[in-house]
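Trainee: This is what each chain is made of:
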Amino acid sequence: MAERVVAAPFTAPRPNLIARIRGLFIRSEPLRGYALLTPTLLVMVLALAVPLAILVAYSFWTQNYLTIDKTLTINNYAVIADKLMYQSLLWKSIKISGAVTLATVVLAYPMAYFIAFRVQKNKLVWLILITVPFWTSYLLRVFAWKIVLGYNGVINSGLMSLGFIDKPLEFLLYNPFAVVLTLAHAWAAFAILPIYVSLEKIDRSLIEAATDLGDGPVMRFFRVTLPLSLPGVIASSLLVFIPTVGDYVTPKLVGGTTGIMIGNIIQSMFGKANNWPLGAALSIYAMFAITILVCVFLWFTKSLRKNVA
Amino acid sequence: MSIATVNSPRFGALGVFAVAYLAFIYIPVLFLPLFSFNDSIYIAFPLKGFTLEWYGKMAESKGLITALENSLRLGGVVAVLSTVLGTLAAKAVTRYRLPGSGPTVAFIMLPLVIPGIIMGIALLVLASYLGLTLSLFTIGVGHLLITVPFSMLVMISRLEGFDKNLEEASSDLGENAWTTFWRVTFPLAIPGLIASLLLTFTISFDEFILAFFLAGTEVTLPIYIWSQLRFPAKLPAVLALGAVILASSFVVVTFAEWFRRRGVQIKTSSGV
Amino acid sequence: MSEKPIIRLSGVTKNFGKVRAVNNVNINIGHGEFFSLLGPSGCGKTTLLRMLAGFESPTQGELFIDEQPMSTVPAHHRPVNMVFQSYAIFPHLDVRGNIAFGMRKARLPKAKLNDMVDEMLEMIKLPGYGSRGANELSGGERQRVALARALIKRPKVLLLDEPLGALDKKLREQMQIELRVLQKSVGITFVFVTHDQEEALTLSDRIAVMSKGNALQIDSPTRLYEAPTNRFVADFIGTMNFFAGNVRAVENGDATIDAGPLGDVATPADAMPTGNGADIVVALRPEKIRLAFEATSDAINGVEGRMGPTAYLGDRSHFYVFVPGREEPIAVAHQNLDKVDIRSHDTDRPVWLSWSRDAVVLLPPD
Numbered sequence: 085m086a087e088r089v090v091a092a093p094f095t096a097p098r099p100n101l102i103a104r105i106r107g108l109f110i111r112s113e114p115l116r117g118y119a120l121l122t123p124t125l126l127v128m129v130l131a132l133a134v135p136l137a138i139l140v141a142y143s144f145w146t147q148n149y150l151t152i153d154k155t156l157t158i159n160n161y162a163v164i165a166d167k168l169m170y171q172s173l174l175w176k177s178i179k180i181s182g183a184v185t186l187a188t189v190v191l192a193y194p195m196a197y198f199i200a201f202r203v204q205k206n207k208l209v210w211l212i213l214i215t216v217p218f219w220t221s222y223l224l225r226v227f228a229w230k231i232v233l234g235y236n237g238v239i240n241s242g243l244m245s246l247g248f249i250d251k252p253l254e255f256l257l258y259n260p261f262a263v264v265l266t267l268a269h270a271w272a273a274f275a276i277l278p279i280y281v282s283l284e285k286i287d288r289s290l291i292e293a294a295t296d297l298g299d300g301p302v303m304r305f306f307r308v309t310l311p312l313s314l315p316g317v318i319a320s321s322l323l324v325f326i327p328t329v330g331d332y333v334t335p336k337l338v339g340g341t342t343g344i345m346i347g348n349i350i351q352s353m354f355g356k357a358n359n360w361p362l363g364a365a366l367s368i369y370a371m372f373a374i375t376i377l378v379c380v381f382l383w384f385t386k387s388l389r390k391n392v393a
Numbered sequence: 116m117s118i119a120t121v122n123s124p125r126f127g128a129l130g131v132f133a134v135a136y137l138a139f140i141y142i143p144v145l146f147l148p149l150f151s152f153n154d155s156i157y158i159a160f161p162l163k164g165f166t167l168e169w170y171g172k173m174a175e176s177k178g179l180i181t182a183l184e185n186s187l188r189l190g191g192v193v194a195v196l197s198t199v200l201g202t203l204a205a206k207a208v209t210r211y212r213l214p215g216s217g218p219t220v221a222f223i224m225l226p227l228v229i230p231g232i233i234m235g236i237a238l239l240v241l242a243s244y245l246g247l248t249l250s251l252f253t254i255g256v257g258h259l260l261i262t263v264p265f266s267m268l269v270m271i272s273r274l275e276g277f278d279k280n281l282e283e284a285s286s287d288l289g290e291n292a293w294t295t296f297w298r299v300t301f302p303l304a305i306p307g308l309i310a311s312l313l314l315t316f317t318i319s320f321d322e323f324i325l326a327f328f329l330a331g332t333e334v335t336l337p338i339y340i341w342s343q344l345r346f347p348a349k350l351p352a353v354l355a356l357g358a359v360i361l362a363s364s365f366v367v368v369t370f371a372e373w374f375r376r377r378g379v380q381i382k383t384s385s386g387v
Numbered sequence: 118m119s120e121k122p123i124i125r126l127s128g129v130t131k132n133f134g135k136v137r138a139v140n141n142v143n144i145n146i147g148h149g150e151f152f153s154l155l156g157p158s159g160c161g162k163t164t165l166l167r168m169l170a171g172f173e174s175p176t177q178g179e180l181f182i183d184e185q186p187m188s189t190v191p192a193h194h195r196p197v198n199m200v201f202q203s204y205a206i207f208p209h210l211d212v213r214g215n216i217a218f219g220m221r222k223a224r225l226p227k228a229k230l231n232d233m234v235d236e237m238l239e240m241i242k243l244p245g246y247g248s249r250g251a252n253e254l255s256g257g258e259r260q261r262v263a264l265a266r267a268l269i270k271r272p273k274v275l276l277l278d279e280p281l282g283a284l285d286k287k288l289r290e291q292m293q294i295e296l297r298v299l300q301k302s303v304g305i306t307f308v309f310v311t312h313d314q315e316e317a318l319t320l321s322d323r324i325a326v327m328s329k330g331n332a333l334q335i336d337s338p339t340r341l342y343e344a345p346t347n348r349f350v351a352d353f354i355g356t357m358n359f360f361a362g363n364v365r366a367v368e369n370g371d372a373t374i375d376a377g378p379l380g381d382v383a384t385p386a387d388a389m390p391t392g393n394g395a396d397i398v399v400a401l402r403p404e405k406i407r408l409a410f411e412a413t414s415d416a417i418n419g420v421e422g423r424m425g426p427t428a429y430l431g432d433r434s435h436f437y438v439f440v441p442g443r444e445e446p447i448a449v450a451h452q453n454l455d456k457v458d459i460r461s462h463d464t465d466r467p468v469w470l471s472w473s474r475d476a477v478v479l480l481p482p483d
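Taken in order, these protein sequences are the chains called A, B and C.
Here my numbering is used: the first residue of the first sequence is 85, the next is one more, and so on.
Here my numbering is used: the first residue of the second sequence is 116, the next is one more, and so on.
Here my numbering is used: the first residue of the third sequence is 118, the next is one more, and so on.
If we strip away everything but chain A, and leave its shape as in the complex, we get:
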């Protein structure tokens, strides 16, 4: 073979590559930003997206006594569609959550309004007072209602010792009413925040303009304040409704047999009933229903906003 002339060694590729990558980083703002985001995103993907994906997979498998049969089947969903119990339970849970959301948001709104418009100096104090209970143990707050509403509980024993009643009131505990009351209490503090933020952001001069143009306080509220605070109301509603549908702690502690919600069934699937695939399918089913309801809700409020405006 003819001798090849060896070319002069060119500058080492390594430094060039590193310089190119550095240059890329310097030039690309999105790249730098996403680099920062990566650890967090990674954790969230691993802890949320992946498990949910596996959950979906589980819903297509079957429980074979102690093992999982991994052949894909829609059997679980068929069971759900077939047994009326699951559907009616889900529907009942939705109704309870709906009642909780309605009660909570309707009561929270005036409170948020009060702090936003009527309090001048100590907004901070009011907000802290309101929000602090929310950050404390949910379990304990539910338990507090259990002892308040119970047969021998605080209300009954108090009323009896004061002589208002002879026998303890039975309707207080272990029914949907107790569940709604307890959950409304649990969310009362939190529901205020999104509404408050929304109200606080309203440009006061808009309201003054409405007054200038002839609106009285009531008209002003419905034509200006309420529509402008709607995003906060919507956010609050969703933040209360969605987690509540799946709750099982409150129904278990204060719901009795009539106050059971879908969360209890799902929990038992992963506990005593030991049917993980069915439990997974039920969860997907519940999430699906929630998502549809939320979309309907959002579409409804959107058209509401168009009409009011």
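Simulated from the structure, these hints should not be mistaken for laboratory data.
Check the hints yourself; a few may be wrong.
[Said to hold, decoys possible] Part of the chain A face toward chain B, derived, beta carbon under 7 Å:
| id | residue |
| --- | --- |
| 1 | Gly117 |
| 2 | Phe198 |
| 3 | Arg225 |
| 4 | Ser241 |
| 5 | Gly242 |
Virtual Cβ for every residue (Gly too), placed ideally from N, Cα, C.
Since the structure of chain A is provided, determine the placement of chains B and C on it from the hints.
Mentor: Quick look at chains B and C alone, frame taken from chain A:
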């Protein structure tokens, strides 16, 4: 037409409502400490007398002490990790123009709107799939999931509160990203960081639903409480424990909120 | 200037997604120049400045500082410093801490650094302010601290992003003078961004007028005012009257332009933007138009009109004159050399306008 303008501070009917609302929030919860001092194992009126017996029983219980230690350790780790992750994400979102940042942020916030039970079982399923034994670690992952969004929210609000140009000024004057962070961003973000640490610690410390699904042999305090609820005789000791937790959470969170809001002086009164 | 420019922008383009913020800009800035980027909001001037500082990178093209390409040089290594529109004073440091901030890497002995800071405080006329907190400063004081903070590093170029925008009129005028004096004494190149054309005209050695991402004309203030090369620049700087016209004839170094209601306009034929027979725009500055209340026979360029609204400003008067065939009145600015006769401001009074051949500015049609 009333002369009172839009923003006139007046108490009125709305004020009465507000007080009633506060009462509604606090009163049921105040029964816990009330009956924890009550000299009777029945939680009912009339009150029988003052005693510290239940607090004594509570302090002696071995299971309780272990559970408490577990919760404290777990809470500490979760607080630090979630604050770090939340801060990185908040910095990325507030200081850089990112295409697709909307959906990305929404994704990170997702745990706030997914029912806890669903996240719990999803993680349980993952753990089983990977063959992981349940332990404080698995609980920790679940807690990270719900605390990171909160940490991110707190830090976003803190970082948006001060001038974006400050970090650019630092860079312009010769500091690289690392030194800029330590000389400018960190000092200004400290109130937010502290608030985030305290808040996420409290969330983890008090969290029950995820812990219940993801716990192995080591339990956290809320799980311990749940296990005690079945025994009527143990009830008052649980009340004592509950009262202590309530009081300390109250103090911690009040401190956190005060700290966070104090730091946002730069913005005007925009509440949260 | 025989030296190489200290800043060279070569074909610089910046896109933000679909929006083109800066379009193929070529600018050379010389050592020691006070150079302004002037234009309305959204014209790309601040984006250009930020690219010089290193906070944005160009989508296309290249920036050179002292003939060194900046594409691989991050912001914190560039020999430029910036004064931000918001001043960006570090709230957690006092004045001394702010000014000394950028000197950390130089690792100077403490005493020397303190002396340098004191020197800067003298220069910005805030002696003794060293231990004041950032939030104790007024707007004007902050601006000066921001300036000191940047200048203490002796950068090759100082970038200023609308630094006077937040100040009130009197303070702004005062600071304009101080800035100019400072720049001349320190000898550093200033690149100054503003939307205020008066400010740019007052301060700059040269100005780049920008609109919609394009650098339309780069020239000295005088040339920009007296010899704009396109309609936007002519209109943006000062006031201008525009007339659509057509080139009738070009001979012997003279051009005659048929300018509609204005009649035939005579002007020198050097540097005409279009040729014989083509459309052209005739532009006249208000102060270059003479206004008389009687017809003068020796006017080269002239037209008769009627007086419209007037504004009396004390030292000058502004007249708006209607001529037949044109809906918009012609703006005429008139120095009140003699005491003003109120009757001269009567509406509808016939007036005669005239202007010299050299007063005419010719622009390409839109």
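Trainee: All the hints need checking, so say for each whether the structure fits it.
Mentor: For each hint, the structure was consulted:
1. For Gly117 (chain A), the suggested interface contact is upheld, since its CB lies about 3 Å from the closest CB of chain B, less than 7 Å.
2. Interface restraint check for Phe198 (chain A): the shortest CB-CB distance to chain B comes to about 5 Å, inside 7 Å, so the restraint holds.
3. Against a cut-off of 7 Å between C-beta atoms, the interface hint on Arg225 (chain A) holds, since the closest Cβ of chain B lies about 6 Å away.
4. Given the 7 Å rule on beta carbons, the hint for Ser241 (chain A) holds: about 3 Å separates it from the nearest Cβ of chain B.
5. The restraint placing Gly242 (chain A) at the interface with chain B holds, with a minimum CB-CB distance near 4 Å, inside the 7 Å limit.
Every hint from the earlier list agrees with this structure, and none is contradicted.
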